[in-house]
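Undergrad: Here are the chains, one letter per residue:
Number of protein chains: 2
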Amino acid sequence: MVDSCGECASCLDGEQNYCERGATMTYNGRDKTGTTPRTFGGYSASIVVTEAFVVSVPSALDSAAAAPILCAGITMYSPLKHHRVGAGSRVGIAGFGGLGSMGVKLAKALGAEVTVITRSDAKFDEARRAGADHVLALSDRTGLKEHARSLDVILSTIPTSHDLAPYLGLLRRDGSYVILGAIEPLTTPIHGGILAGRRVNITGSMIGGMPETQEVLDFCASHGIASDIQLIGVDGINDAYERLSGGDPGYRFVIDMATLQPA
Amino acid sequence: MVDSCGECASCLDGEQNYCERGATMTYNGRDKTGTTPRTFGGYSASIVVTEAFVVSVPSALDSAAAAPILCAGITMYSPLKHHRVGAGSRVGIAGFGGLGSMGVKLAKALGAEVTVITRSDAKFDEARRAGADHVLALSDRTGLKEHARSLDVILSTIPTSHDLAPYLGLLRRDGSYVILGAIEPLTTPIHGGILAGRRVNITGSMIGGMPETQEVLDFCASHGIASDIQLIGVDGINDAYERLSGGDPGYRFVIDMATLQPA
Numbered sequence: 001m002v003d004s005c006g007e008c009a010s011c012l013d014g015e016q017n018y019c020e021r022g023a024t025m026t027y028n029g030r031d032k033t034g035t036t037p038r039t040f041g042g043y044s045a046s047i048v049v050t051e052a053f054v055v056s057v058p059s060a061l062d063s064a065a066a067a068p069i070l071c072a073g074i075t076m077y078s079p080l081k082h083h084r085v086g087a088g089s090r091v092g093i094a095g096f097g098g099l100g101s102m103g104v105k106l107a108k109a110l111g112a113e114v115t116v117i118t119r120s121d122a123k124f125d126e127a128r129r130a131g132a133d134h135v136l137a138l139s140d141r142t143g144l145k146e147h148a149r150s151l152d153v154i155l156s157t158i159p160t161s162h163d164l165a166p167y168l169g170l171l172r173r174d175g176s177y178v179i180l181g182a183i184e185p186l187t188t189p190i191h192g193g194i195l196a197g198r199r200v201n202i203t204g205s206m207i208g209g210m211p212e213t214q215e216v217l218d219f220c221a222s223h224g225i226a227s228d229i230q231l232i233g234v235d236g237i238n239d240a241y242e243r244l245s246g247g248d249p250g251y252r253f254v255i256d257m258a259t260l261q262p263a
Numbered sequence: 001m002v003d004s005c006g007e008c009a010s011c012l013d014g015e016q017n018y019c020e021r022g023a024t025m026t027y028n029g030r031d032k033t034g035t036t037p038r039t040f041g042g043y044s045a046s047i048v049v050t051e052a053f054v055v056s057v058p059s060a061l062d063s064a065a066a067a068p069i070l071c072a073g074i075t076m077y078s079p080l081k082h083h084r085v086g087a088g089s090r091v092g093i094a095g096f097g098g099l100g101s102m103g104v105k106l107a108k109a110l111g112a113e114v115t116v117i118t119r120s121d122a123k124f125d126e127a128r129r130a131g132a133d134h135v136l137a138l139s140d141r142t143g144l145k146e147h148a149r150s151l152d153v154i155l156s157t158i159p160t161s162h163d164l165a166p167y168l169g170l171l172r173r174d175g176s177y178v179i180l181g182a183i184e185p186l187t188t189p190i191h192g193g194i195l196a197g198r199r200v201n202i203t204g205s206m207i208g209g210m211p212e213t214q215e216v217l218d219f220c221a222s223h224g225i226a227s228d229i230q231l232i233g234v235d236g237i238n239d240a241y242e243r244l245s246g247g248d249p250g251y252r253f254v255i256d257m258a259t260l261q262p263a
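Protein sequences, first through last, are from chains A and B.
Residue numbers for the first sequence follow my numbering, beginning at 1 and rising by one.
Residue numbers for the second sequence follow my numbering, beginning at 1 and rising by one.
Extracted from the complex, chain A is given alone in its bound form:
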């Protein structure tokens, strides 16, 4: 995000990400100044950003490891705060990749008990290393039953349409299933009776506002949280792309933009 209207209720609440006239996104967004019709992204030597959309990266944070906090970090932090996660909360993280690992670290630092739900047994050790208290395989019916109705909120990082039923079963009365990844139609029918029977919520979230973005940077600095990253030069992009095509490796590639200039 590099700009927003600054006048609607969302902007006035510091939630520029939900600007009612549409925030100007970094990539292919409509530039409000009218000098260029579209924004061209952050992979460049310089970028024009409205003053209020600049954040201060605390000196305690490594610049490269801080970069994904501005996307994966705030994407997980904002719903944790919105759903009032704190000491004693029970948080589920559905899917364990770059978003999931940040979610575990942030939720733990906020004082929550964290359960990772994953389709892949291969992610168990990684999730525990990130700090998860429990790791559940989606295929583990006994485990799902043991944890039934136990979670206050589940942050879903699953990037495609999926059946919500097994996840909703893990939520307590008034619990929320927060869709962060699947920004597409959910083709598996949702049972209205499950929503009514325990008053659970299906909702979503999208990055965060500017005050919250500064807050998550400061929070990460004071809690020693960094993204797991691999720093690459621009000439490593194709290799990284291939690696990502094989599935989320659980860390973020960060491109050192200084390498954009020929040596």
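These are computed hints drawn from the structure, not numbers from a lab.
Just so you know, not all the hints are guaranteed correct.
Pairs count within a copy or across copies, as identical chains cannot be separated in the list.
Mimicking DSBU-like on lysine-lysine, the simulated pairs with C-alpha atoms at most 35 Å apart in a straight line are [unchecked claim]:
1) K108 - K32
2) K81 - K145
3) K108 - K145
4) K32 - K145
5) K32 - K81
6) K108 - K81
We have chain A; now place chain B onto it with these hints.
TA: Showing chain B alone in chain A's frame:
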């Protein structure tokens, strides 16, 4: 409801309707006393109810017109209270039958501005008579656009699977679509992007707890709210059934149980 466990978090919160061990429902519910395996419903000369599940009908209420408050009334009142509807709130009522008309009256009495959304133009006058400030046809694209992002909460009384998209478009940031009627799979895909883009909630609600049930009776008495009903004898059941098969008439049939005994 005639009983619940009395010990789980829901029961201790006075939300016996969400009892974690399952409340004992009036019809075909499992009787916790074990003396009879199943409950046999309220259409009888007498009924056994656990003490805490008895409410006091205020003398200001007509007994017959009060009866549906214990179902349609509490079904609408509970989500209005849960979603903190009060003066200045903007409430939508999707579908206008017996539930919808109670919803309009209760939301108006709570101080809200009320918009009814209906598929049938025939319901317009009825909805306005009940007190609706605005009535929108689902087919009226201009009207839907004018009211886009205007509502805090929509109570959906639509009894079958339906496309949520036009309704979600009416909700403000953080608004909630509360499913009361469609306790079956919603087969039209829900777009995760709509949920993320404005952080709207899809949720449900089911009757109410005992304290809230007493509260809605008292509220109706003090605000002069009654259900629209037609009182019939047991010998009028077949006619009433046929009438209902043709669609919700917008009022409730109430059976005078005294007519169960032969004269």
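Undergrad: At most 35 Å between CA atoms: does that hold for K108 and K81 within a copy, between copies, both, or neither?
TA: Cα proximity of K108 and K81: in one copy and across copies (13 Å, 33 Å).
Undergrad: Reference check for the pair K108 and K145, CA-CA at most 35 Å: within, between, both, or neither?
TA: within (23 Å within a copy, 43 Å between copies)
Undergrad: Reference check for the pair K81 and K145, CA-CA at most 35 Å: within, between, both, or neither?
TA: both (28 Å within a copy, 32 Å between copies)
Undergrad: As a check of your reading, is K108 near K32 (CA-CA no more than 35 Å) within one copy, between copies, both or neither?
TA: The answer is neither: 39 Å in one copy and 41 Å across copies each exceed 35 Å.
Undergrad: If the cutoff is 35 Å on CA atoms, where do K32 and K81 land: within, between, both or neither? Let me know, please.
TA: Classified as within; 30 Å inside a copy, 41 Å across copies.
Undergrad: With identical chains, the pair K32 and K145 could be close in the same copy or across copies; at 35 Å between alpha carbons, which is it: within, between, both, or neither?
TA: between (51 Å within a copy, 24 Å between copies)
Checked against the numbered hints above, the structure breaks only hint 1 and satisfies the rest.
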